[in-house]
Amino acid sequence: MKELKILAVIAALVGITYYGIEPYAHSVMHPEVSAADFTFKDAKNVDTSLAGNVENGKVLVEANCIACHAIEKAGHPALMPNADAAASYGVVPPDLSHAGRIYDKNYLANFIFDPVSAMHLSHKYPVGGTKAFPMPSYNWMTPQEIMDVVSYLQSVAPKVTEDKEGHKATFEAACGRCHSMAYAKFDATTPKDSIKAYMGATPPDLSQYIKSRGEHYLHSFINDPQVLLKNTSMPRVGLNEKAQEEVIAYMEEIGDSKKAERESLGLWVMLYTFVFAILAYLWKRKIWSEVH
Amino acid sequence: MAEFKQADSMYEWFDQRLGIDKFVKVMMTEYWIPKNINFLWAMGVLLTVMFTLLVVSGIFLLMYYKPDINMAFDSVNYTIMQEVAYGWLFRHIHAVGASVVFLIIYIHMFTGIYYGSYKRGREMIWISGMLLFMLFSAEGFSGYMLPWGQMSYWAAYVITEIFGGIPLIGGDLVVWIRGNFYVADATLTRFFMLHVLLIPLAILGAIVFHFYALRFPHVNNEAGEFFDFDEEAEKYLAGDKKNSKVVPFWPVFLSKDFFVLGFFLLFFFYLVFFHYGFAMDPINFDKADGLKTPSHIYPEWYFLWSYEVLRGWFFEIAGISGKSLGLMAFGFANIIFLLLPWLDRSPMVKPANQRPYFKYWFWLMIADLMVLTEFGKLPPTGPNAWVGFGASLVFLILFIALPFITKAEAKKVGGK
Chain A
87 MKELKILAVI AALVGITYYG IEPYAHSVMH PEVSAADFTF KDAKNVDTSL
137 AGNVENGKVL VEANCIACHA IEKAGHPALM PNADAAASYG VVPPDLSHAG
187 RIYDKNYLAN FIFDPVSAMH LSHKYPVGGT KAFPMPSYNW MTPQEIMDVV
237 SYLQSVAPKV TEDKEGHKAT FEAACGRCHS MAYAKFDATT PKDSIKAYMG
287 ATPPDLSQYI KSRGEHYLHS FINDPQVLLK NTSMPRVGLN EKAQEEVIAY
337 MEEIGDSKKA ERESLGLWVM LYTFVFAILA YLWKRKIWSE VH
Chain B
144 MAEFKQADSM YEWFDQRLGI DKFVKVMMTE YWIPKNINFL WAMGVLLTVM
194 FTLLVVSGIF LLMYYKPDIN MAFDSVNYTI MQEVAYGWLF RHIHAVGASV
244 VFLIIYIHMF TGIYYGSYKR GREMIWISGM LLFMLFSAEG FSGYMLPWGQ
294 MSYWAAYVIT EIFGGIPLIG GDLVVWIRGN FYVADATLTR FFMLHVLLIP
344 LAILGAIVFH FYALRFPHVN NEAGEFFDFD EEAEKYLAGD KKNSKVVPFW
394 PVFLSKDFFV LGFFLLFFFY LVFFHYGFAM DPINFDKADG LKTPSHIYPE
444 WYFLWSYEVL RGWFFEIAGI SGKSLGLMAF GFANIIFLLL PWLDRSPMVK
494 PANQRPYFKY WFWLMIADLM VLTEFGKLPP TGPNAWVGFG ASLVFLILFI
544 ALPFITKAEA KKVGGK
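Protein chains in written order, with my numbering: chain A, 87 to 378; chain B, 144 to 559.
Calculated directly from the structure, the hints in this document are not laboratory data.
You may find that some hints are simply not true.
27 Å max Cα-Cα, derived BS3-like pairs, lysine-lysine [stated by the list, open to error]:
(1) B:Lys435 - B:Lys388
(2) B:Lys384 - A:Lys370
(3) B:Lys385 - A:Lys88
(4) A:Lys278 - A:Lys316
(5) A:Lys282 - B:Lys165
(6) A:Lys191 - A:Lys345
(7) B:Lys435 - A:Lys316
(8) B:Lys466 - A:Lys91
(9) A:Lys372 - B:Lys168
(10) A:Lys345 - B:Lys493
(11) A:Lys370 - B:Lys165
(12) A:Lys372 - B:Lys435
(13) B:Lys493 - A:Lys88
(14) A:Lys271 - A:Lys316
(15) A:Lys328 - A:Lys316
(16) B:Lys378 - B:Lys209
(17) A:Lys245 - A:Lys159
(18) A:Lys316 - A:Lys91
(19) B:Lys168 - A:Lys370
(20) A:Lys370 - B:Lys385
(21) B:Lys493 - A:Lys91
(22) A:Lys370 - A:Lys345
(23) B:Lys378 - A:Lys372
(24) A:Lys88 - B:Lys435
(25) B:Lys168 - A:Lys271
(26) B:Lys493 - B:Lys385
(27) A:Lys245 - A:Lys328
(28) A:Lys271 - B:Lys385
(29) B:Lys493 - B:Lys384
(30) B:Lys435 - A:Lys91
Quantities reported herein were computed from a predicted structural model and do not represent experimental measurements.
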């Protein structure tokens, strides 16, 4: 039928143009990068196959960590208000309550051994440079001791629920010291001026990042920012896959809160339109049968 | 004043005063359209529906949008998208509708070119249509600035900057358009005014004019055949509907349009709910920042071809800078379609594929526009820049050659 041929020609021309300016052009502008690595296999200073001892870990943590870090869930509150902590260290030191849950075991162990190399920030804190990362390396600890600390942190980490509340807890523990989320009425715990001085620029508000960057980009970016944004001062934070998924889920719950409504309404509207189209077709057949 | 007798019904009462009977005949039941048409003839009604959807969704958005550089971004992305009930729906319809309306405009326009519906008495239909295209372009461009995202800002910056290339007045013109030395709050508020008042008013006027311009020369048909509409209408009214070459606008023509509209809307709503990224660029969900240039700046897809005609000229020729050459080519591209009725010197009104020379011209032009559109989005580096230059040059040559090609065609077919 002639009209179907015309439709096919138009669909082909539109389809080719669409392919060129959307999927193809975007693949040129944003080339694919290597897949996210949730085993952090490049970090291998510590033998993470060793089984940790929670009791010994507790002793080590209390002797080495709580001078700077709060661990609310284990009864170690913050030593000073956020603004003072930020003024002292540059950034608020993280509360370690969730550390054993949100960070990959291998990453966490290697982070304790040497934070800068684990975070992929040696361009910002070069060996022998003027700036030093606020947390010292614990490379004097034995691998066994480091694994004891990791086991202890894992043992105190609270379980969170598989819903928006749980996602929020993960987001705030993983991202909330530097990033705000205005649409969730959340301000970064490090005050604006301090974080700007510490990072070199104010870390962006993440309210709309699920839309401006998209899930695909975030999946690679959070895993290792250097892959997509060479020399950024954002560290590789070392989230395990589950924690990263929770962070992205929270960004979607805040940034695209109407997604479920949109998708369910969409089906109904399309069904309605389809019925309209069929009725219109039948009516057209009837009307045109009189003139042909 | 005419004698009014007592009306027997409400209908009669109104008919006496407003001439409803006569009006319905003139506008609907005795407004004659050729019978020999295909679904491409439904694009006008599709556009009318799309424009209505844009106006209605726009009115809802207008109730919550705040034209101020400190509030615009959040009023769109938080208030409208997340707080207002179904605010997201109106924004999606508006954003996707603005993009899809151009797709239909282009189909409508190239249908007109393909079937030669711009000449032999139909010049004013074409002119008013191209006027609408320009108004819609201005409407699309001004509207794109309102969410105050990064692409809003930088596209506005780049496009307003283009006017700076005009000799003598360029610099002042840019400041006059922006209302400031850079794209700023004054730019946003004036583009807001243009988008919600001045341009829509002009569009309404131009639509009425476009419809009116159809009345005397009548709608073209699939064969480009000229016939006596009054004679064919008589036939139809006398009951010989099958042999008449015309059908009334209502219900016959519109019944087909509604059918096409139904399937079009199915496609449209699929885009609105499930596939809207092409019309709502991710980069525009970053708030405008005049100190942070995005790595890739590109206009909406419907401006890409003319943007590439501008950008294709990247080197100096005979002492004239690439920028000036590009601007000249861009000016040419934006007025040349308007002159089409006088560039086509062949009297043939036939589908392009039945015209011996014009058919090559038509398909080359379509191919060239597709190449321009594609390369208008890609980064203009390395070979891309040269493809852009080539396609831009081909565009100019095609239109300069058109009078000669069609003149030769006229000679070959002997004035038919």
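Checked hints:
no. : hint                : result
1   : B:Lys435 - B:Lys388 : violated, 61 Å
2   : B:Lys384 - A:Lys370 : holds, 16 Å
3   : B:Lys385 - A:Lys88  : holds, 21 Å
4   : A:Lys278 - A:Lys316 : holds, 24 Å
5   : A:Lys282 - B:Lys165 : violated, 73 Å
6   : A:Lys191 - A:Lys345 : violated, 33 Å
7   : B:Lys435 - A:Lys316 : holds, 17 Å
8   : B:Lys466 - A:Lys91  : violated, 42 Å
9   : A:Lys372 - B:Lys168 : holds, 22 Å
10  : A:Lys345 - B:Lys493 : violated, 49 Å
11  : A:Lys370 - B:Lys165 : holds, 25 Å
12  : A:Lys372 - B:Lys435 : violated, 60 Å
13  : B:Lys493 - A:Lys88  : holds, 17 Å
14  : A:Lys271 - A:Lys316 : violated, 30 Å
15  : A:Lys328 - A:Lys316 : holds, 25 Å
16  : B:Lys378 - B:Lys209 : violated, 57 Å
17  : A:Lys245 - A:Lys159 : holds, 11 Å
18  : A:Lys316 - A:Lys91  : violated, 50 Å
19  : B:Lys168 - A:Lys370 : holds, 21 Å
20  : A:Lys370 - B:Lys385 : holds, 16 Å
21  : B:Lys493 - A:Lys91  : holds, 18 Å
22  : A:Lys370 - A:Lys345 : violated, 37 Å
23  : B:Lys378 - A:Lys372 : holds, 21 Å
24  : A:Lys88 - B:Lys435  : violated, 52 Å
25  : B:Lys168 - A:Lys271 : violated, 60 Å
26  : B:Lys493 - B:Lys385 : holds, 24 Å
27  : A:Lys245 - A:Lys328 : holds, 13 Å
28  : A:Lys271 - B:Lys385 : violated, 68 Å
29  : B:Lys493 - B:Lys384 : holds, 25 Å
30  : B:Lys435 - A:Lys91  : violated, 48 Å
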